[in-house]
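Number of protein chains: 2
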Amino acid sequence: MARTPFDQMHCSVARTLDVLGEWWTPLVLRDVAIGITRFDAIQRDLGVSRKVLAQRLGALVDHGVLRRVPYQDNPPRYDYVLTEKGGDLARVLLVLQAWGDKWVFGEEQAPVVMRHERCGQTTRPTLTCSCCGEELQPQDVTPLAGPGLADAGEDVAPEVVAALERLAAVGRRG
Amino acid sequence: MARTPFDQMHCSVARTLDVLGEWWTPLVLRDVAIGITRFDAIQRDLGVSRKVLAQRLGALVDHGVLRRVPYQDNPPRYDYVLTEKGGDLARVLLVLQAWGDKWVFGEEQAPVVMRHERCGQTTRPTLTCSCCGEELQPQDVTPLAGPGLADAGEDVAPEVVAALERLAAVGRRG
Chain Y
1 MARTPFDQMH CSVARTLDVL GEWWTPLVLR DVAIGITRFD AIQRDLGVSR KVLAQRLGAL
61 VDHGVLRRVP YQDNPPRYDY VLTEKGGDLA RVLLVLQAWG DKWVFGEEQA PVVMRHERCG
121 QTTRPTLTCS CCGEELQPQD VTPLAGPGLA DAGEDVAPEV VAALERLAAV GRRG
Chain X
1001 MARTPFDQMH CSVARTLDVL GEWWTPLVLR DVAIGITRFD AIQRDLGVSR KVLAQRLGAL
1061 VDHGVLRRVP YQDNPPRYDY VLTEKGGDLA RVLLVLQAWG DKWVFGEEQA PVVMRHERCG
1121 QTTRPTLTCS CCGEELQPQD VTPLAGPGLA DAGEDVAPEV VAALERLAAV GRRG
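Sequences listed follow chains Y and X, in order.
Each step along the first sequence adds one to the number in our numbering, with nothing skipped, and position 129 is 129.
Just add 1000 to wherever you are in the second sequence, counting from 1, and you've got our numbering.
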C-alpha cells in the first residue's frame, strides 16, 4: 500500500503533525511561548542550524501559527509571536509537558511549573469534558465517525472504518 | 553550539517528543487507541514499512507506553494495548485532534468526534486548571522555574533561564 502523505490524511492528528512539520518545530513553539522570540536567541537555545530554523519559522508563519513583528528596520529584524491559531497549538505543548513531568521527571522534579494567572496557583493542566466538566479519562472517550468522514471516501482505510463501527456498536469497554 | 539530543534536554516537552520518536509514532498510538491493535492491520492502515513499524512498536513497548498481549502462540502474535502511561499519552492525541478539527477541517467537518461515555455527550476536550477549574487560556499560564530545573545545571540554556526570570518578575502580560 502506498504511504499517504500526512497532509492528505483525513485525520486531525495527522494533519496537526503535518503543521508541526518535525520535532524541532514544537521546541520552536515552546521557545516563542516562553518569550524567546528572536531568531538568534532561539537558534542559540536549540542549537539547530540557521538554515533549518529559518525554514521552520517560515513554515509556521505560512501556516498562520506565528506572525512576524518588526523590531528593527535596517537590517529588518523580527520578533516571532503566536497568533490565535498558534496559542491554541500551545495547548498541545501544555499537555506534552504535563506528560513528561509525570512520566519522565516525576512531578516533584518538574523542570518548569505553570502558574495560572487568573487564580494565582500552580496549575496542572487537566483535560475535561466540555459537556459535563468531568476530567476526561482516555478510556471513557469513544471515537466515532464525524460529519467530515464521509467526504474522505476511499482515503480512509477500511481498518479505520471497521474500528470506528466496532466502537460505535459496543463502546470502548466492549 | 552543539545540538543537545532530545533525550538529554531538561525539558518535559523535548523528552516527551523523544518518547514519541518521530511522526509515525503518534499515528501508531492513534490506531491502537481506536482499537487497531495488530501489526498487520496497523501496517495496512498507515502504509508504513514493516521494518519501521516493528521498530516503532518495539520502542513504544520498551518505553512502557504499549504492552504486548498474545492472541496466538504458534507463530506468536500479539495485540498491542496502551499501558497507563500510554493512556496518558493518548490525552496528547485528543488535544492534537481538537486543534486539527478546529483549524484544519473546521469543527463542522471533523472526521472523527468523541463521545464521553460518562455523560453520553459528544465532547470537545477542554484544558482546565487543576486548582480553579477554569478553562486554561495559554496566555494566562506563566511558566516558572520548577523544582527540577536546578538539577539541570549548565544543560539549561541562558536564554531559557533569562526568559523564565523575566516572566516570574513581570508575568505573562508584562
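Source of the hints: derived by calculation from the structure; they are not laboratory data.
C-beta: ideal position from N, C-alpha, C; glycine also.
Hints are not guaranteed to be accurate.
Computed cross-link-like contacts, DSBU-like style, restricted to lysine-lysine with a CA-CA straight-line distance of at most 35 Å [as the list claims (entries may be wrong)]:
id, chain 1, residue 1, chain 2, residue 2
1, Y, Lys102, X, Lys1102
2, Y, Lys85, Y, Lys51
3, X, Lys1085, X, Lys1102
4, Y, Lys51, X, Lys1051
5, X, Lys1085, X, Lys1051
6, Y, Lys102, Y, Lys85
7, Y, Lys85, X, Lys1085
8, Y, Lys102, X, Lys1051
9, X, Lys1102, Y, Lys51
10, X, Lys1102, Y, Lys85
11, X, Lys1085, Y, Lys102
With beta-carbon atoms standing in for the labels, derived distance ranges [said to hold, decoys possible]:
id, chain 1, residue 1, chain 2, residue 2, range
12, X, Pro1147, Y, Gly64, 32 to 40 Å
13, X, Pro1147, Y, Asp73, 28 to 36 Å
14, X, Gly1087, Y, Gln109, 16 to 24 Å
15, Y, Arg118, X, Pro1147, 29 to 37 Å
16, X, Cys1131, Y, Asn74, 44 to 52 Å
17, X, Gly1087, Y, Asn74, 49 to 57 Å
18, X, Glu1084, Y, Val170, 39 to 47 Å
19, Y, Arg50, X, Asn1074, 50 to 58 Å
20, X, Val1081, Y, Arg44, 41 to 49 Å
21, X, Asn1074, Y, Gly87, 52 to 60 Å
22, X, Ser1049, Y, Asn74, 49 to 57 Å
Covered stretches of chain X, as calculated for chain Y (at least 3 residues, CB under 8 Å) [said to hold, decoys possible]:
id, region
23, 1012-1023
24, 1030-1040
25, 1073-1081
26, 1088-1097
27, 1116-1122
28, 1134-1142
Hint check results:
The hinted pair formed by Y/Lys102 and X/Lys1102 meets the criterion: a straight-line CA distance of about 28 Å does not exceed 35 Å. Our distance criterion of 35 Å between C-alpha atoms is met by Y/Lys85 and Y/Lys51, whose separation comes to about 25 Å. Restraint check: the Cα-Cα separation between X/Lys1085 and X/Lys1102 comes to about 27 Å, which is no more than 35 Å; the hinted pair holds. In summary, the hint linking Y/Lys51 to X/Lys1051 is supported, as the alpha carbons are separated by about 31 Å, within the 35 Å threshold.
For the proposed pair X/Lys1085 and X/Lys1051, the alpha carbon gap of about 25 Å is at most 35 Å, so the pair holds. Distance hint between Y/Lys102 and Y/Lys85 is fulfilled; the C-alpha atoms sit about 27 Å from each other, no more than 35 Å. Restraint check for Y/Lys85 and X/Lys1085: satisfied, since their Cα atoms lie roughly 29 Å apart, inside the 35 Å limit. Taken as a hint, the Y/Lys102 and X/Lys1051 pair is honoured in the structure, with Cα atoms around 31 Å apart against an allowance of 35 Å.
As the CA atoms of X/Lys1102 and Y/Lys51 are separated by approximately 31 Å, the hinted pair is consistent with the 35 Å bound. With a CA separation close to 9 Å, the supplied pair X/Lys1102 and Y/Lys85 stays within the 35 Å bound. The straight-line distance between the Cα atoms of X/Lys1085 and Y/Lys102 is roughly 9 Å, inside the 35 Å bound, and the hint therefore holds. A C-beta distance of roughly 36 Å is found between X/Pro1147 and Y/Gly64, which places it inside the suggested range of 32 to 40 Å.
One distance hint, 28 to 36 Å for the beta-carbon pair X/Pro1147 and Y/Asp73, is violated here, with the actual separation near 43 Å. For X/Gly1087 paired with Y/Gln109, a C-beta distance near 22 Å keeps the hint of 16 to 24 Å intact. At about 23 Å, the beta-carbon gap between Y/Arg118 and X/Pro1147 misses the expected band of 29 to 37 Å. In this structure the hint that X/Cys1131 and Y/Asn74 lie 44 to 52 Å apart at CB holds, the actual value being about 47 Å.
At roughly 54 Å, the beta carbons of X/Gly1087 and Y/Asn74 sit within the given window of 49 to 57 Å. At roughly 22 Å, the beta-carbon separation of X/Glu1084 and Y/Val170 lies outside the given 39 to 47 Å, and the hint is violated. For Y/Arg50 paired with X/Asn1074, a C-beta distance near 56 Å keeps the hint of 50 to 58 Å intact. In this structure, X/Val1081 and Y/Arg44 meet the distance hint of 41 to 49 Å, their C-beta atoms being roughly 43 Å apart.
Between X/Asn1074 and Y/Gly87 the beta carbon distance is about 54 Å. The supplied range of 52 to 60 Å therefore holds. The hinted window of 49 to 57 Å between X/Ser1049 and Y/Asn74 holds, with their beta carbons roughly 51 Å apart. Coverage of the region 1012-1023 of chain X by chain Y holds in this model, with 9 residues showing a Cβ closer than 8 Å to a Cβ of that chain against a need of three. Against chain Y, the region 1030-1040 of chain X contributes 6 residues with a C-beta closer than 8 Å to a partner C-beta. That satisfies the three-residue criterion, and the hint holds.
Taking a C-beta to C-beta cut-off of 8 Å, the region 1073-1081 of chain X contributes 0 residues in contact with chain Y, too few for the three needed, and the coverage statement is violated. Restraint check on the region 1088-1097 of chain X versus chain Y: 10 residues with Cβ-Cβ distances below 8 Å, three needed, restraint holds. Here's how the region 1116-1122 of chain X fares: 6 of its residues keep a CB closer than 8 Å to some CB of chain Y, so the rule of at least three is met and the hint holds. Figure legend: the region 1134-1142 of chain X, annotated as covered by chain Y; annotation consistent (8 residues with Cβ-Cβ distances under 8 Å, at least 3 required).
Figure legend: structure checked against the earlier numbered hints; hints not met, in rising order: 13, 15, 18 and 25.
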